[in-house]
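**Student:** The listed protein sequences correspond, in order, to chains A and B.
At position 123 of the first sequence the residue is numbered 123 (the UniProt record's numbering), and the sequence of numbers has no breaks.
At position 84 of the second sequence the residue is numbered 84 (the UniProt record's numbering), and the sequence of numbers has no breaks.
A portion of the hints provided could be inaccurate.
Said to hold, decoys possible - If you anchor each label on the Cβ, the simulated ranges turn out as follows:
{"hint": "1", "chain 1": "A", "residue 1": "Glu156", "chain 2": "B", "residue 2": "Asn27", "range": "27 to 37 angstroms"}
{"hint": "2", "chain 1": "A", "residue 1": "Asn38", "chain 2": "B", "residue 2": "Gly28", "range": "30 to 40 angstroms"}
{"hint": "3", "chain 1": "B", "residue 1": "Gly42", "chain 2": "A", "residue 2": "Gly274", "range": "26 to 36 angstroms"}
{"hint": "4", "chain 1": "B", "residue 1": "Gly42", "chain 2": "A", "residue 2": "Ser253", "range": "21 to 31 angstroms"}
{"hint": "5", "chain 1": "A", "residue 1": "Asp302", "chain 2": "B", "residue 2": "Cys41", "range": "28 to 38 angstroms"}
To be verified - One-sided excerpt, in silico: chain B residues whose CB lies under 7 angstroms from chain A:
{"hint": "6", "residue": "Phe8"}
{"hint": "7", "residue": "Thr61"}
{"hint": "8", "residue": "Arg87"}
{"hint": "9", "residue": "Thr89"}
{"hint": "10", "residue": "Phe120"}
Everything labelled a hint here was simulated from the structure, so no lab data went into it.
Please read these numbers as outputs of a predicted model, since none were measured by experiment.
Even glycine gets a Cβ: it sits at the ideal position worked out from N, Cα and C.
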Amino acid sequence: MTSVRIAGVGMTPFDSHPERTGRELFGSASNEAIDDSNVPRGDIDALFYGNFMGAFAEGQNHQGPLMADAAGLSVPATRFESACTSSGVAVREAVSKIRGGEADVLLVGGMERMTNEPTSFVTEALATAGDELYEGRAGMTFPGAYALMANAYFAEHGATRADLAEIAVKNHAHALENELAQYQREISVDDVLEAPLVADPIGVYDASPITDGASAAVLVSDEYARERDLDAPVSITGTGQGTDQLALQDRASLTRTPAAERAAEEAYADASIGPDDVDLAEVHDCFTIAEVLALESLGFYDRGTGYQAARDGETTRDGDLPVNLSGGLKAKGHPVGATGTAQIVELTKLLRGDHVNSDAVSDAETAITHNAGGTVASVTVHVLEVVA
Amino acid sequence: MSEPRTAFDSFVDALAAGEGYFLECSNGHASLPPRHVCPDCGDASLERRSLPERGEVESHTIIRVPAPQFEADAPYPLAIASFGPVRLTGRLENVDPDGGDVEVGLPVAVDVRETDDHRFVVFTPQ
Ligand SMILES: [Zn+2]
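Work out the full structure, taking the sequences as your base and the hints as a guide.
**Tutor:** So this is what it looks like as structure tokens:
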């Protein structure tokens, strides 16, 4: 089985881009990734693309052909939709296709345009990632679902809002120098605790923002990279995916995310590594509680203890396991369909040494992504390693 | 009224009539309708079992930023409550609107409320 190298990455600033439509955003990110890869456009075999709410935000479905066109390609193009892990799934499918020998060069990526609609409209669109009959009709929202998980976690393990606030503070601190991040400003625990509540106990500063943006990567087979003598030092060595029941009410536990546990187990086995081998991680902190559940599912922390990680400085820039050095979804921003590939973009740069925060992880060789859809009903996990 | 009724509508009708039920497969797995097969094992033999009258709040929140169709209701308390082997999601009624008197484990009964636009499950403390 061939291994898969990351030949190039690109990403728009994650921000509010009222003047740029989706096709412009993806055109920019994909062009940057292709330039970065030094791969001739004509060698690209297909586009695997993630998007969640295009029909809501721009009245636009069928984005595969549109985005191939925007990227300057005339190749088979498919859109993947798995809520917030839409482009994570696209990456996984691309990895599988290259490993199977069916393609040598693939463009992967994602895009979401969200800020052009009012918050209430985006709230409605995001709620469609949950179960329409049992959750949507009761008035459940996306923050509301994570609030139910957070309160159940508090009751079971004794964590507090102040513990979760430390995660938001950490991720904002990580984004300070990241020019692609939506927020480059420090916040305090008090700022988080005093911010208005969205769905108790989740406040505005516990939640990732509404964001526009696109991200892309050029993935190539190991053979192709060697033949072309590409400078592509980072490989995707492990991939995993998990699924859980869509509605929170149908889960065995409200405080565990077994889909992420299964995805992690598969990705670790695929890469022949374990949690102890990981030097840094980008995890899906759409809400502060989500980072806690991610750390426990990835095997970094025992159940009921992940909430202490940021507070105790273990997942900060200078900690043993820096988590979300990009700023995470919280500070970097969360254009839903672009987030999965954005984690790949940020980790590739962090490992290559050309990220503004690379000096914090100069000896790092192994990294992991955790990208979750809905209330973790879909998850993709990828292991990245420096191979050259 | 001759609007088409889905199996989910019928389930909510049953909840409203105090005749709530869940489904049980021949291997004893519980699930909620509409179902063709058991989500745990794929068994197609699903029998209706009566939903226990009393449930228990497993987690709760206050939705302060709702979707547009629920804007008039906000803020509203929302909970997941277990009824025997299944759970339901619904609004909490007759509680402090700030949720101060709601705790995990609170015993509740289930009912259905209907507004001009929609019907939804509600829980009332017992
Ligand atoms: Zn069964």
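**Student:** So does Gly42(B) sit 21 to 31 angstroms from Ser253(A), Cβ to Cβ?
**Tutor:** holds (23 angstroms)
**Student:** Could you say whether the range 28 to 38 angstroms given as a hint is met by the Cβ separation of Asp302(A) and Cys41(B)?
**Tutor:** holds (30 angstroms)
**Student:** Regarding the hint that Phe8(B) lies at the interface with chain A, is the smallest CB-CB distance below 7 angstroms?
**Tutor:** holds (5 angstroms)
**Student:** Return holds or violated for the Cβ distance of Glu156(A) and Asn27(B) against the range 27 to 37 angstroms.
**Tutor:** Given a distance of about 28 angstroms, which is inside 27 to 37 angstroms, the answer is holds.
**Student:** Per the CB criterion, is Thr89(B) less than 7 angstroms away from chain A?
**Tutor:** holds (5 angstroms)
**Student:** Please check whether Asn38(A) and Gly28(B) have a Cβ separation lying inside 30 to 40 angstroms.
**Tutor:** violated (59 angstroms)
**Student:** Identify whether the interface hint at Arg87(B) stands, where standing means a beta carbon of chain A within less than 7 angstroms of its own.
**Tutor:** OK, holds: Arg87(B) within 7 angstroms of chain A, min 4 angstroms.
**Student:** Would the stated hint for Thr61(B) survive a check requiring a Cβ distance to chain A of less than 7 angstroms?
**Tutor:** holds (4 angstroms)
**Student:** Hey, does the Phe120(B) contact hint survive, CB to chain A under 7 angstroms?
**Tutor:** Interface hint status for Phe120(B): holds (5 angstroms vs cutoff 7 angstroms).
**Student:** Quick check on a hinted range of 26 to 36 angstroms for Gly42(B) and Gly274(A), using CB atoms only.
**Tutor:** The hint (26 to 36 angstroms, Cβ to Cβ) holds, given that Gly42(B) and Gly274(A) are roughly 33 angstroms apart.
In terms of the numbered hints stated before, the structure departs from hint 2 and from no other.
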